[in-house]
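Chemist: Sequence:
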Amino acid sequence: MKRDEPTPDAETLPWVRVQMEGLVGSTFDASTEDRDGHVWSFRCMPDDTSGDVLVAIDRVDATMGTLFVQATLQHPSRDASRYIVMDGSLSETSVELKLTTMHMLMDPSSGFMHPDGDIRIDIVVWDCAPSSKRFKASGSDTTSNSSTVGDEYLVDETFLTAENRLDPSIFDDDEMTIDEESQAEEKRLVDLATSYVMQAQQDDEEAQVLLARRKKGAEDDTVDLTLPSSYDSKTTTGMVGLKNQGATCYMNSLLQTLFHMAPFRKAVYDTPTADEDSATSVVLALQRVFYRLETADKAVSTKELTKSFGWSHMDAFTQHDVQELYRILCDRLEEKMKGTPADGLIKALFEGKVKSFISCVHVPCESSREESFYDLQLDVKGLVNLDASFEKYIEVEMLDGENQYDAKDFGKQDAKKGLVFESLPPVLNLQLKRFEYDPLRDGMVKVHDRFEFPKRLDLSAYVPGTSPSPVYHLHSILVHSGDVHHGHYYVYVRPRLDKDWYKFDDDVISSADEESLLEGSYGRPPDASSNSPLSRVLSCSSAYMLVYLREDACPSGAEPAVIPDALKERFQDEEIAVRRRKRLVQREHMYYHLRIATDECLYTFDNITKSKDFCEFPKTAKSPPTSSTMLSFKVPKAWTVRQLYGLVHLETGVPIEHFRLWTMTARENRTHRPDEHLDTHLDATLQRALHDNDATINKIVPLYLEVVLPNTVLRRYTLADFAPIEFEGKDAVVGVDDDGIPDDDMPPGLLASVNAAAAARDPILDPRGSLLLFVKYYNVGVGASQRPLSYMGTMLLHGSDTVATVLQGIQDHAFGSPIAMDLALYEVVQPETVTKLDEHATLVDSELQSGDIVVFQVAVEDENDDDDDDADDESMCRTVPEYFAYRLNRVDVTFRARFENDVPTTEVSLPLLLTDSYDDVIHSVAIALDMDPLFVRLYPHSSHTHGPRAKPYKHSRSSGSSGITLKAMLMTSFDSSATLLYYERLDESIVNLERKTHLPVYLSPYEPAFATDTLSRVDLILEPTSTVQGALAEIARRHAVDTALVDLRLLETRDGSTMLRIVPTATPISLLQGSSLFVVDSIPATRKPFCQSVVLGVMHFSYTHDTFIAPHHTAGLVVAYDDDTFESLRRRVQAKFKVTDDVFAKWKLSAIVESRGVPLESEPGDMNRDVVFDEGRLELARGDGYCFLGLEYAATIAPSRRRADGGIKIRSG
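Residue numbers (the UniProt record's numbering): 1 to 1213.
Certain hints may be false.
Said to hold, decoys possible - Below, simulated DSSO-like cross-link-like pairs (lysine-lysine); rule was C-alpha separation at most 27 Å, straight line:
no.	residue 1	residue 2
1	1209	243
2	433	347
3	634	619
Worth flagging that the hints you see were computed from the coordinates, not collected in a lab.
Start from the sequences and build out the full structure, keeping to the hints where you can.
Modeler: Written out as structure tokens, the structure reads:
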């Protein structure tokens, strides 16, 4: 039955609002309450398949009907004109909105990512009925679970402003119809977007040029505007390009460069990969890309390669540094080539050697070290050409004055510091330093200076005369077009050094003029005064990486690499398999995947949910079967219904004149029920009879099989009562073509047998007004968990029959012999709506229709008696509505220990009801744990961290008559991953505990008594009046710290690494900042006699730029004395942090003030003889002028979790 639920009038807006933020690419969530106190949950998450960014909204109460949802992606500038606004509607308990795409978020030019890597979203829900003329959400579908955004209005997402977005209150009921509103709103938004575009074009001529050059939306893909749309790279150049996955132009440029080096290509081909996993082997994937570049006619996809890297969909939309990719890729290839015939080839191609030296001027003392390199990083700023850059690279630096070199036995000496080339590789890879830090802008900027480089490079002035030929020829130029925030890579390559140049721009390859490409790669044109848009655009394009080939090692006439036969056969087989899959997919459009429910399916079905009460069908044709008795057929769409009947008859044995097939329909209340039988369309095609225009592949078509048995009132059948019909050719083998594709999808002879059987079928038509009802029996005497609900069969009735007639038929035929008990009959409109039927009313008056489900039970004396204290017990569901309410609210909740070392139980699963109060839940958990309920605390689950949330449920707010229910505690749509809560055993009553102050601190790995190698969290529960001294005393008590030997101190840090201050022990804990991370460390309890001392905070760091530091590792404490030399202080620091001599020899001391580093040593240990406090070199503060001791060395731990700072990662293998 179809019923429209009442829709309340709109009230004061909004109904609920939430602001949320989280790391780009991660899943983060938030929750809040609406005006009625119901809990809503909100989740932002990426879709790895589509690359979309989705916002999921869940509410626990859908009785408000359809609400209007608006999600806003805020821009860090707070400029509303740059916001992205998406509209939708929420008609059920959940909805998903597409907010934007990962491509757009990861594009630096969009600017939506905050400096900390987060995005911020504002979600507002209004109480506005869908029938109201005040609002109609464009494109929304109020009968669907998902919202459709009005994309037709979004000419450009960034042009929709907060002030101009669709406002539910702007329409006047008396002035416009709904259609007129939509048309007017559409015109207004289109006009608005158009005006923005026109204004942008007038304001920025350069944007016009860049816009004309775009070919992929968010990325500035520079193309040759003179190329026609029909241009074919393969036909014109004989080569094919690489497809851009979103922001992989840098990778495509590098791959084309490497591919057109015959020695490198040979090394890749010669690496054995016969036993490699096709999905994870980097070398195999690279071989496949190279093979396709040689054999394909169209641009080649790199998705299999990036998948082998271990990259996600989001990684493909993150543009990285091409030089970084080059290094890591070579490292992975070298690892894989070890122990194979290709071992050492990468090193032989790319490795060169330099010797760094320090030579004293006046004494015979020199130190030197030989180092290998695979690429050289050369300066650009202030230099005119490559020769000048090489000169600067080997420039000798004088160490004199305060910067003298410590020559050990000779003391401080003037010295020369520099490097010389020992050897150069056959392939010389030069990275031009086009990006540098600008202290005035406090950020990275691109160096656009003009920088020239030759086609023929003679390096004889920089290498020993005994080296191989120092003459190199330019092979490829990787160009970066754009600035530091956004841009595009492409590459110019000479595949043969004596031939022409080609431009490889993702999937487009075109020939290039040598003079023009060189001039365009130098950077800013000579005429820097030109202000034309084209000149400004060209000045943004400059060479970023140069590849030179040594003259004697890579002659221009080198033969191309030969693909091994085994590799070629493997890839040819893969292509045949791909071609076969594509052809099969094309054929799938011609067929239906039918899933036909039988009475046995209905009898065994027990998975009742809010929208499922009839039968459970699989979601797609590839989904596993939901019932062993469900019939599955794949039939041509061109077949007639009559032919389908013949097939069902042959496969089941049910007499062809004794069954009908019914279509299933989705009702407005989201239930699926039989709707219409197909006997009225016997000679129509299936596509016409099923009213199907959906071209979705692998979609299933659900049907119901009704067996029409003569002279029966209440009928139920099983297929075991019938035997399939044998026909000639049933077991014959179906032929296949050259690609292994079957010539037909059914055995020979089947079609003839189907047609013969179908010819005898006549329509089975019921009298006008007939209804097919599905009857179930609820056995009150059976416990609710023991399947008291059973399917009895179908009844074919007339609309004029009364409910009493139905009950009489049930009494006479349901149990084999008549029964005399009084029965009650209910209609299951949907599992949430079960209504009792008046036995005096007709079926038409009761609003019953074909496909409806009715449930009978033995009548109880008083259904409204709610005085029974055990009404919630599963065995006491006295009526059908009570049983359905129990089934919908019953949920198995897993309670997992918050701490893994919980003894004796770490996890327990309990059957509960969503209507259970917080007190009921706590009581059940306490019984399972054999504890007092007041000594148990519960925590919600976080889908972001996949663990407990930091804040528990507050007992004082959750308990009592005004407290929360289990449904609100779970705060989501109650699937298996959501029904998870965490418990914590308490040492004291939660009532007393919540009165106290909670202080989380982290134990330092540098104090032996703490016995931890990393920061270890400890939660302190203290009296509100406690001080830091009391907190430290509690730590000492818990961990048996000998306070006669050490003093504990509290460090206030930002993240464990960045120190803010050493907290005075008299500080009340109520004054500690909740956003800080507090670390407990120790210092010796005794001091050197007759010396002044100071406790220093110590930070480990490396430099991100010239002066700003990047802290890493855990901060700590050390004591310094007024007579300390650098040597004695270094010894004390080394002992504190427990590092070996060889490691500590690389650590330099610095002072850190306001996140800036002031070096105290030029080289580690070069100031050992000096006194730290001599001449006020380091004024270490005892008061509020916080200055910390810094230890400068490269980080050896994982970097920050920020996505924006993440480097390239390629899976080993």
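Chemist: Now, for every hint given, state plainly whether the structure supports it.
Modeler: Consistency of the hints with the structure:
For the suggested pair residue 1209 and residue 243, the alpha carbons sit about 21 Å apart, so the restraint of at most 27 Å is met. Of the pairs offered as hints, the one joining residue 433 and residue 347 holds, with about 24 Å between alpha carbons and a cut-off of 27 Å not exceeded. Restraint check: the Cα-Cα separation between residue 634 and residue 619 comes to about 15 Å, which is no more than 27 Å; the hinted pair holds.
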